[in-house]
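There are 4 protein chains.
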Amino acid sequence: MAKQKKEAFSDFGLGEKSSSEGFRALNKDGSFNIEKTNIPFFERLNFFHSLVTMKWSHFFGFIILGYFIVNFLFATIYTIIGVENLTGTQGMTPFEEFMEAFFFSAQTITTLGYGRVAPLGLPANIVAATESLLGLLFFALATGLLYGRFSKPISKIRYSDKAVIAPYHDINGFMFRLINPQKNELLDVEVNVSVSMKRENSELRDFHILDLEREKVRFFPSMWTIVHPIDKNSPLYKLSEDDYHKKDFEFIAMLKAFDESSGQMVYSRSSYKPKEVEWGQKFVYAGQRANGKTLIDVSKINESRDAELN
Amino acid sequence: MAKQKKEAFSDFGLGEKSSSEGFRALNKDGSFNIEKTNIPFFERLNFFHSLVTMKWSHFFGFIILGYFIVNFLFATIYTIIGVENLTGTQGMTPFEEFMEAFFFSAQTITTLGYGRVAPLGLPANIVAATESLLGLLFFALATGLLYGRFSKPISKIRYSDKAVIAPYHDINGFMFRLINPQKNELLDVEVNVSVSMKRENSELRDFHILDLEREKVRFFPSMWTIVHPIDKNSPLYKLSEDDYHKKDFEFIAMLKAFDESSGQMVYSRSSYKPKEVEWGQKFVYAGQRANGKTLIDVSKINESRDAELN
Amino acid sequence: MAKQKKEAFSDFGLGEKSSSEGFRALNKDGSFNIEKTNIPFFERLNFFHSLVTMKWSHFFGFIILGYFIVNFLFATIYTIIGVENLTGTQGMTPFEEFMEAFFFSAQTITTLGYGRVAPLGLPANIVAATESLLGLLFFALATGLLYGRFSKPISKIRYSDKAVIAPYHDINGFMFRLINPQKNELLDVEVNVSVSMKRENSELRDFHILDLEREKVRFFPSMWTIVHPIDKNSPLYKLSEDDYHKKDFEFIAMLKAFDESSGQMVYSRSSYKPKEVEWGQKFVYAGQRANGKTLIDVSKINESRDAELN
Amino acid sequence: MAKQKKEAFSDFGLGEKSSSEGFRALNKDGSFNIEKTNIPFFERLNFFHSLVTMKWSHFFGFIILGYFIVNFLFATIYTIIGVENLTGTQGMTPFEEFMEAFFFSAQTITTLGYGRVAPLGLPANIVAATESLLGLLFFALATGLLYGRFSKPISKIRYSDKAVIAPYHDINGFMFRLINPQKNELLDVEVNVSVSMKRENSELRDFHILDLEREKVRFFPSMWTIVHPIDKNSPLYKLSEDDYHKKDFEFIAMLKAFDESSGQMVYSRSSYKPKEVEWGQKFVYAGQRANGKTLIDVSKINESRDAELN
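Chains as they are written, first to last, in our numbering: chain A, 1133 to 1442; chain B, 1133 to 1442; chain C, 1133 to 1442; chain D, 1133 to 1442.
Treat the hints as calculated values from the structure; they're not laboratory data. Note that the coordinates shown come from a computational prediction; the quantities given were computed from them, not determined experimentally. It is possible that part of the hints are untrue.
Below, a list of computed lysine-lysine pairs in the DSS-like style, where the Cα atoms sit at most 25 angstroms apart [said to hold, decoys possible]:
(1) K1187(A) to K1425(B)
(2) K1160(A) to K1348(A)
(3) K1284(C) to K1315(D)
Whole structure, please, built from the sequences with the hints as guidance.
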């Protein structure tokens, strides 16, 4: 039972039916090749989450559009009430009057309130008082959204584009490299690597956790080469490049760390398919000493040279 | 002692006296059937927490009512001071004067300040300066509240409505299913399942933790079937459906995960009573491959078919 | 060494020199009887922390005072520049002019801007533009402060005023009770209890962790009786009430939990001195069943009755 | 393999090539002597992080400059449109007109809106409505930034400037001291100490974790002396002061704690080079009892006296 449990654990929650050839469960950018359908509208809805995670261009488009629509609606209301209830308006034609109402609305919802145009009488005043309250709540929300967007800890961990099979002591190892290109310090960094492979004559896939030379570092200021030694206990033991393709390997890497600048945990994921694994290559050290500092050249993360395998 | 301790641990803090028949300690939605009484007013009070957790309709009702009351109070003060201290007022009747004061107050508290009406003289100016400060603090609070409401990580984990007793390898298992219908990724997901049952001829209840086939997954992008194998060590071993009712079982499920989008831990709970456990049923796989993606049909979470028990 | 380490660990960082009689290292409210002196001003300073943790009355006093002082300063500047640079001022006497400047400043810093009074010319405009920027930053800060004050997770865990020595199975136990009187759910609640006692003929104190019947509960919706069984391994074994006083006992309780509503960890501490320990008392169950709910009477947390000790 | 792993773990992610003499991997303030180069611009960019972590003087300089530039740009636009489209402007010369436009812009972007000057006609109104929206978003962002700056948990843990080799029971120990000079309570404090040394006749360095007398305390209200007993298992066993220099030792200390006031984890680091280690010194107790309180004199953190080594 205990053994079975460990195996089970290693499937990372991806299920066991993902067996078609060439299939990638986890994309390079860490997103999953899984889509949920038929979600009840109410459960799927997460307005804030969408506004916080959408692209900046969409976000600003959304705000500008909303600003325009709301002002258009209120301008319509003021026009219906009658622009004569707004003092100081200078519009002659209906279009000019509507424009006066439109910009009066803009001045009201932003609580700008120049006062050249001002509401007079009960109806116009009620609408204006309501609009300014709405404006404040709207911008309270925008404040929260902007803060939410900016303060979200984004881990931009870079993985080497390829993994390599390289000599390691007197055996070989499966290796790839990581670096945190940003200034924020990552602490208590933990890495897990797992491999999923097709089971022979079956629709199912097997999952194996790979033992690493080092699974955790206390800090991570430099470039880190993740090494899985291919020893007797490794599921990769004595497998050839060809076997990787036949068994449709997928290496899944997962990183977990504490981000000092945001005070939160960050996670990162990536994957390697057999075609992204180079055999008989060895990563080149990307550091250099200068002025009492160690300089790490981030652009060299993929740099490797030929190395004879054991 | 050690054994006793383990048992004790499994009572989940629900106490041992919850023994009446048909009683449910934990509701389906994860809330407890427990109410605290005689709480000193001061200790119970948590203004912010209430405003953050109340329904949206109540929240907006609360804000609109507060806006109205505050403006009403300030309008009264301005009227007492004398509307003649507000330049530009055009009210004739007392009602019109009060209305002018009311909307002047609204324009002041929102810091709109058209200026058609403006305070003149010391008393009116003092009140207006105070009101605008109050307004800013009030909307500062509203900003925080809206952010608090929106950024609160809400785990909407869905549990299957029913649990099943299904064949599992060469024995049977107690199973139910989970899915996260939202887009946010849940990581390091941990599940605990426990059962509480009436002790014979006693007011007390016993609690047992159920061993699971898998207690933790690193990520949770798909649907997850929680399985408790009913082997010799299971407290459910050799019990019939009838026994479940007699002993007034309550299965308690608890989930704990890291929510990547909010950077916080989320918890979720649910429970199953004997009438929500179907015997001789097996959950149907809800996935499907399309365009190189796995599609998971959320609406099929409860779908099961007949299966002969071992 | 290992043993020594465990002992050392149990001193909770309170040091070993706290030996004077009747001394209390930890106050009932969880604060420490320790004060740091000679802290360099710069290291001690934590403006935001002070403003977030000070009393509400002080906080509002601080804001109102700041508002007054800032307006006073700006009014002085406007007066020096010359009130004739503010259009629409109606003051005659210097005092009236200063008041106009004062309220103009208030209307500017809150971005109210009625416009009855408005700046004219370069100097007044520069000051006004600066003041309005300052005002926005000031209220941005106030927004953050209010949010910080309100969102701070405050654990109001209540400890029973007294601990008791009560019969427990066939031995006795050291017991006290806990309840969370608020609505927020506490999860994964962990309790540690430790005792510190004077070493004979020495200035030093010994620290011992007390084994508990239950150290952790998954949820905590009810009242929880913490029990330390006084068995052979207990440092309290065969000690009399008199010994507690002689050795100047201090029981230190510490609680750690996840607060579901704020998504953060909360901590709580309290202590019991010998005079707060009642011998031969037993806590009375504070629950009651009504309408299918368990009602827990918070006010009964200290209720106990006589019980013969083993 | 297991041994190898442990060793590897202790290298703290600093790499193994940092071998030049007198090199310091970790600065006293906890920053690393490592610089990353050739980072793609887009990956390095973290606007919010920069604005939250930059110095206050830079931050305010940035805001004031931004305010000036934005107003300058909008003033230019209003001037191009024609200042005659702003009612109430009193400028005669082009410079005066530009100034009117500049301050009108300031009044618009802060949503102050006195109204002495107000936009008239479509183009001016469109620009003003856009500017006020921009202003609100800009100050929404400033609110978030100020909150982010202030709420960031800053651990100001102070390390003693020097470490000492002092007698410890019947052996010696490597010791240094820590204190938290601030009011916020630190809980579950964990300390790790490691030493890195040059390998003989090699470019590589070895890393060793040092066993501590106490690695964790539950709370940390006082001054804490970290002690590594130099026993047979210590990598420092039988090494002389001279050896420390020859092997170019670097002691790396790391602290991790829960900050009760912010509800977040805080980390702190420091290092000691051989010249910062004093031999035959012993730290002096910095506490004192007064009015039932223990007073800890923070300024005495470095105070030591001669002590004969074992």
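Now for the hints, and whether the structure bears them out:
| no. | hint | in the structure |
| --- | --- | --- |
| 1 | K1187(A) to K1425(B) | holds, 24 angstroms |
| 2 | K1160(A) to K1348(A) | holds, 22 angstroms |
| 3 | K1284(C) to K1315(D) | holds, 16 angstroms |
Every hint, counting from the list given before, is met by this structure.
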